[in-house]
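> In order, the protein sequences belong to chains F and P. Using our numbering, read the first sequence as starting at 1 and increasing by one per residue. Using our numbering, read the second sequence as starting at 1 and increasing by one per residue.
With a straight-line Cα cutoff of 30 angstroms, these simulated BS3-like cross-link-like pairs (lysine-lysine) come out:
| # | chain 1 | residue 1 | chain 2 | residue 2 |
| --- | --- | --- | --- | --- |
| 1 | F | LYS129 | P | LYS8 |
| 2 | F | LYS129 | P | LYS7 |
| 3 | F | LYS129 | F | LYS192 |
| 4 | P | LYS124 | P | LYS244 |
Sample of chain F residues with no beta-carbon within 10 angstroms of chain P, all distances over it, derived:
| # | residue |
| --- | --- |
| 5 | ALA30 |
| 6 | LEU78 |
| 7 | LEU181 |
| 8 | LEU218 |
| 9 | PRO220 |
Stretches of chain P that chain F covers, calculated by requiring three or more beta carbons in the stretch to come under 8 angstroms of a beta carbon on chain F:
| # | stretch |
| --- | --- |
| 10 | 136-142 |
| 11 | 296-302 |
| 12 | 313-327 |
I should point out that these hints are in silico values taken from the structure, not numbers from a laboratory. Using N, Cα and C, we set each Cβ at its ideal position, and we do this for glycine too.
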Amino acid sequence: MSTLTPLAERLPADTAPPSPWREFVAAFAANRGATIAFFVFVAVVLGALFAPWLAPHDPLQQFRDHMLTPPLWQAGGLAQFPLGTDELGRCLLSRLLHGARVSLLIGFSAVTLALLPGVVLGLVAAFGKGWLSAAIMRLMDVLLALPGLLLAIGVISILGPGLVNTVIAIAVGALPGYVRLTRGAALAELAKDYVTASRVAGAGRLRLMFDTVLPNCLGPLIINATLGFSSAILETAALGFLGLGVQPPLPEWGSMLSAARDYIERAPWVVTMPGLSILGTVLAINLMGDGLRDALDPKLRQAS
Amino acid sequence: MFTLLLKKLAALIPTLLGVTLVAFALIRLIPGDPIEIMVGERRLDEAARTALMAQLGLDQPLHVQYGRYVLQLLQGDLGKSLVTREPVSAEFAVLFPATVELALAALVLALVLGLPLGIAAALKRGSWFDQLVMALATVGNSMPVFWWGLILIMFFSVGLEWTPVSGRIGIEYDVDTVSGFMLVDSALADLRGQESGAFASAVLHLLLPATVLGTIPMAVVARMTRSAMLDVLREDYMRTARAKGLSPARVIVHHGLRNALIPVVTVLGLQVGSLLGGAVLTETIFSWPGIGKWLIDAIARRDYPVVQAGILISALVFIGVNLCVDLLYGVVNPRLRGGGH
Chain F
1 MSTLTPLAER LPADTAPPSP WREFVAAFAA NRGATIAFFV FVAVVLGALF
51 APWLAPHDPL QQFRDHMLTP PLWQAGGLAQ FPLGTDELGR CLLSRLLHGA
101 RVSLLIGFSA VTLALLPGVV LGLVAAFGKG WLSAAIMRLM DVLLALPGLL
151 LAIGVISILG PGLVNTVIAI AVGALPGYVR LTRGAALAEL AKDYVTASRV
201 AGAGRLRLMF DTVLPNCLGP LIINATLGFS SAILETAALG FLGLGVQPPL
251 PEWGSMLSAA RDYIERAPWV VTMPGLSILG TVLAINLMGD GLRDALDPKL
301 RQAS
Chain P
1 MFTLLLKKLA ALIPTLLGVT LVAFALIRLI PGDPIEIMVG ERRLDEAART
51 ALMAQLGLDQ PLHVQYGRYV LQLLQGDLGK SLVTREPVSA EFAVLFPATV
101 ELALAALVLA LVLGLPLGIA AALKRGSWFD QLVMALATVG NSMPVFWWGL
151 ILIMFFSVGL EWTPVSGRIG IEYDVDTVSG FMLVDSALAD LRGQESGAFA
201 SAVLHLLLPA TVLGTIPMAV VARMTRSAML DVLREDYMRT ARAKGLSPAR
251 VIVHHGLRNA LIPVVTVLGL QVGSLLGGAV LTETIFSWPG IGKWLIDAIA
301 RRDYPVVQAG ILISALVFIG VNLCVDLLYG VVNPRLRGGG H
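Throw the hints in and build the complete structure from the sequences for me.
As structure tokens, this is what we get:
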């Protein structure tokens with residue numbers, strides 16, 4: 001008859017719960033698609049950061065003797081222009097690398113410009129007095145009355161096209177989403193005991209807002225910001241394609257596509273390359289977002 | 001149901017006021033004053049300028065101007081285009097059905113392909129077919145609509161020469177406008193024997209734009225149908241239905257799909273916004289004469305009354321469709337029907 005071994009001895013030696021960061025990394029790494037997407041995204045970011053050194057040519061330099069040169073692997077391709085050249089003889093690879101800078105910069109700025117005021121307004125709407133909260137939310141309803149791209153087009157029609165205005169237009173469109181999300185998450189947290197405890201302990205309103213409640217709302221905000229990043233890149237390209245975004249000759253994936261439309265028969269590569277760059281980047285960020293969602297919030301996990 | 005509708009309409013009033021205020025402000029926020037924008041290159045002397053200001057009511061205080069604007073809107077007066085000098089509402093009446101036709105075709109395509117694919121993927125969960133469908137749906141969900149349109153044109157219009165590149169119908173056909181929907185009008189003309197082959201031409205013209213606009217909703221519908229079906233398949237009532245001896249098809253459609261549709265309708269409602277934005281891009285690529293292309297052309301021509309009206313109309317359509325989707329939940333999901341339990 002063996003006596004029951006105490007519980008502690010039957011457990012493996014290392015029973016300390018994994019740190020939240022470790023747990024997150026393990027959950028994210030278990031998602032194969034998200035991991036691959038992460039490395040693709042890192043490659044795009046590195047390409048954008050080091051574009052001036054990686055690009056074989058100046059993205060604006062026109063090689064008039066080599067207009068519409070096909071990519072290296074097609075007949076007539078030149079090693080000098082691995083992905084071919086566009087209608088003005090500019091190196092497509094160099095333009096794509098520099099275009100990644102523009103897209104990522106606009107995407108990142110637009111998300112930041114929407115996220116920060118969005119979080120503050122959302123917290124104010126959750127904590128503030130009734131009329132203030134109602135005023136903020138009605139204002140957001142008005143912004144939500146137009147779908148993102150159309151709202152951006154409306155803002156551009158007032159401000160005019162350009163890089164900075166593209167950022168503003170996209171940020172305005174994304175703002176209501178963050179306000180609603182923050183308010184919703186903050187209201188859910190406000191009902192919990194730890195907030196009451198903190199309030200009873202004498203925490204001021206600002207401390208309650210930013211130190212007590214906000215950290216517990218970060219999960220959904222991070223997921224939303226990631227997905228917002230990819231839709232900002234898509235919208236940047238869409239605006240560029242419509243001629244309302246970043247203006248030529250600055251290399252931007254969407255406006256490159258728009259210029260390439262006329263050469264669709266003679267030079268398909270000027271159409272396929274920028275599009276594949278957009279699709280690849282957006283797809284990678286979306287897959288990363290899915291992975292983040294699964295890793296950060298198992299409750300949100302899709303049935304699969 | 002009726003009280004629910006009234007409540008929802010009442011809740012929309014502040015939003016509608018806000019939207020009209022934004023549309024009203026749009027022209028006044030543009031740098032430069034409205035008169036200069038309207039007369040363009042022409043010079044006006046001071047007297048003519050004052051007369052025009054008075055004629056347009058621009059000498060009144062802003063709140064009076066806004067009141068007039070709303071009154072005009074309520075009478076269906078959206079202003080006049082600076083370029084064509086036509087009332088905006090008349091132009092809109094011609095263009096709107098084209099956009100509706102395109103959007104409906106895209107939605108039908110998304111449902112006709114997305115629903116069966118999602119169901120089949122759920123039933124064969126984990127198979128290569130399931131993985132293929134989900135991989136395609138993931139790619140489709142991230143698709144830059146404008147690029148996808150160009151790629152399809154490259155293959156089907158330029159390469160294979162199967163479909164036309166732009167417009168709603170071949171220029172050789174002269175179809176009377178009856179409904180404004182080209183499929184209906186061309187079919188009528190075809191049947192009357194006036195224009196044989198008109199309907200086929202209209203279908204071919206619609207095929208690529210509808211595919212392009214339908215791709216993202218299709219991907220979303222397929223993903224959501226699969227995941228909702230997987231949830232439903234686990235339910236006890238499905239086992240009961242099978243145990244009763246119902247045919248598998250009947251179990252899946254009547255018991256499974258019926259319940260799986262609720263989340264699908266929800267995400268489809270969320271797609272309306274991207275459908276409207278996508279319509280702008282799709283219409284631009286295929287020169288489809290709808291309100292999206294109209295809006296973009298108006299911005300390029302600095303035709304601000306049209307821009308103002310276009311933005312306002314898009315917002316109203318978006319709000320209206322969202323309201324319909326809200327009410328549709330009540331039909332699909334009896335638990336949400338207002339006033340009940």
